[in-house]
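So you can see what is in the structure, the chains are spelled out below.
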Amino acid sequence: MGGESGGRPWVEMRGIHKWFGGVHALKGVDFHVHRGEVVGLIGDNGAGKSTLIKILSGVFPPDKGEILVEGRRVRFRSPKDAKEHGIETVYQELALVDNLDVPANIFLGREPALVGGRGLFALLHKGRMLREARTLLERLKVNIGDLTSLAGELSGGQRQTVAIARALYTEPKLLIMDEPTAALAVQETRKVLDLVRKLKERDIGVVFISHTLQEVFAVADRIVILRKGEKVGDLPAAELAIDEAVKLMVGGEGT
Amino acid sequence: MDPKTWLRRINRNRVLFPLGALALLVIVASSLSPHFLTPMNIKNVLSQVSIIAILAAGEACVILTGGIDLSVGAVLAISGSVTAVLMKWAGVTIPLAVLGGLGVGALAGALNGLMVAWVRIPSFIATLAMMAVARGGTLVLTNGRPVSGFLRSFRAIAGYAGPLPLLFLITFGVYVLWQLALSHTRFGRYVYAVGGNETGTRFVGVNVRRVKLLVFILAGLCAAIGGIMLDARLNAAYPTAGEGYELDAIAAAVLGGVSLSGGVGSLVGTFFGALVMTVLGNILNLLKVGAFYQYIAKGLILAIAAISLSRGIKFAK
Chain A
1 MGGESGGRPW VEMRGIHKWF GGVHALKGVD FHVHRGEVVG LIGDNGAGKS
51 TLIKILSGVF PPDKGEILVE GRRVRFRSPK DAKEHGIETV YQELALVDNL
101 DVPANIFLGR EPALVGGRGL FALLHKGRML REARTLLERL KVNIGDLTSL
151 AGELSGGQRQ TVAIARALYT EPKLLIMDEP TAALAVQETR KVLDLVRKLK
201 ERDIGVVFIS HTLQEVFAVA DRIVILRKGE KVGDLPAAEL AIDEAVKLMV
251 GGEGT
Chain B
1001 MDPKTWLRRI NRNRVLFPLG ALALLVIVAS SLSPHFLTPM NIKNVLSQVS
1051 IIAILAAGEA CVILTGGIDL SVGAVLAISG SVTAVLMKWA GVTIPLAVLG
1101 GLGVGALAGA LNGLMVAWVR IPSFIATLAM MAVARGGTLV LTNGRPVSGF
1151 LRSFRAIAGY AGPLPLLFLI TFGVYVLWQL ALSHTRFGRY VYAVGGNETG
1201 TRFVGVNVRR VKLLVFILAG LCAAIGGIML DARLNAAYPT AGEGYELDAI
1251 AAAVLGGVSL SGGVGSLVGT FFGALVMTVL GNILNLLKVG AFYQYIAKGL
1301 ILAIAAISLS RGIKFAK
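Chains as they are written, first to last, in our numbering: chain A, 1 to 255; chain B, 1001 to 1317.
To be clear, the hints were calculated from the coordinates, so they are not data collected in a lab.
Quick reminder that beta carbons are idealized off the backbone N, C-alpha and C, glycines included.
There is no bait here: all hints are sound.
Residues from chain B shown here face chain A by an in silico Cβ test under 8 Å; the list is partial:
| hint | residue |
| --- | --- |
| 1 | 1185 |
| 2 | 1187 |
| 3 | 1189 |
| 4 | 1192 |
| 5 | 1193 |
| 6 | 1196 |
| 7 | 1200 |
| 8 | 1204 |
| 9 | 1205 |
| 10 | 1206 |
| 11 | 1263 |
| 12 | 1264 |
From the structure, some residues in chain A lie toward chain B, with a derived Cβ separation under 7 Å:
| hint | residue |
| --- | --- |
| 13 | 109 |
| 14 | 111 |
| 15 | 120 |
| 16 | 121 |
| 17 | 123 |
| 18 | 124 |
Beta-carbon label-pair distances, calculated as ranges:
| hint | chain 1 | residue 1 | chain 2 | residue 2 | range |
| --- | --- | --- | --- | --- | --- |
| 19 | B | 1209 | A | 73 | 30 to 40 Å |
| 20 | B | 1209 | A | 241 | 46 to 56 Å |
| 21 | A | 194 | B | 1202 | 25 to 35 Å |
| 22 | B | 1303 | A | 120 | 34 to 44 Å |
So here's chain A without its partners, still in its complex pose (with noise of 0.2 Å):
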């Protein structure tokens, strides 16, 4: 594998149309990433990135369009799917339960157990859960202190760095990131910046998701523009100035 950012995509969705009603949200968009490559995904509000996001997630499938995994055709009938094909998404606001401590939202709806397999009365492992979400933390070098804290108990920044941990368990390919640091404060998205930076070092994709256009310039290096359903820019980050990525997401009338 490696970062092949030359060859084949790692993944890559081709001609996606999405009808809402009467509101056509995609118009024929085509997005593609590699692995190791993080992709800014950015557009003014109803550009259609969530959109594109949800269908690359399997939260709904396209009216029209298809989309390839390492160059074989997929179909996403669940965001289960996208998991088994190695897409995580890092949701901004459902992410944690608060009354949950650090492992047991980390390993939520599939923990390990000691005995009784995959039944509903199996015994929890709690253990190896604990052990388990230490080690994966410290891989992302986060420092969460006590992993017995609830998750309410935990800051902004915490709680974001807990999800996206939760993410990795399952070591993706492909992780999408809708507004990560939406309610975080500076110092903390900080921290999310740098967690983005250290997946690209392990080869995982990130699709980054912002309304703040300086961090996804600061992470990506290509950034595709959305603008009423359609792709308006697919360039890399460092041939691109911040003022005219706006111009291409407000259209002509931008300054």
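Since chain A is already given, all that's left is putting chain B on it; use the hints.
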């Protein structure tokens, strides 16, 4: 584990409040009445607490998922009546009659669960409907009259094992199993997760409906166990049995630190909450306070508990 973490954990389970309240009540009670700490009275309290506590166990579980079950008192009545009618009028053997009562309780709970998780009726309304239906069903089944006079072997359920009432041992056993399930199984974890963040829990792929359905079935089963216990204790099934018990069960859970918004609390706390309610009634009886005033006293205690617990949450954060 350092003492601070340890203290925070205890506080998290919120058992300190009901434990403190219980200790205070016991001290006050034993100084006010010489009869309180007699073996006879303690046995009496243990028998009384068993039925409220078993209802509260099911209720607490439903509340932990963020729901409420108003039907436990009525389900207790219909399960108790079904068992009684099967034994007295249909001549069914005791084990089968007991199974019949438990089945009716589980069925009522399952219907509650289906209404809440699949039809998406708020649990308050769904279980209010079940409360009316089950109470009416009990009256229809028994013609509104008590069914009494059971076999000695059935009444033995309310007997003693050594110094301890059997009823208490049954309840205690249910609590141990139940608390283990809550803190050590996937099911228990999902109960707390659903109460804390239902949408988020569904998002990671947990079958939230199944968890809710199970919780209501277990609450129905607990109510049925309570109904059968009450039959044995009174040697009769009254169609009005369990009236107002849903309030005692909810009060026990809330006193025990179970948060009505879901996700917080434990069965250990609920058990102490049930003890607080029972001991309070017991003291008031010993002091010959009239039943009318007892309602007021229980209501006041519940209000005080709710106030101090909600403050407690703020401090803990």
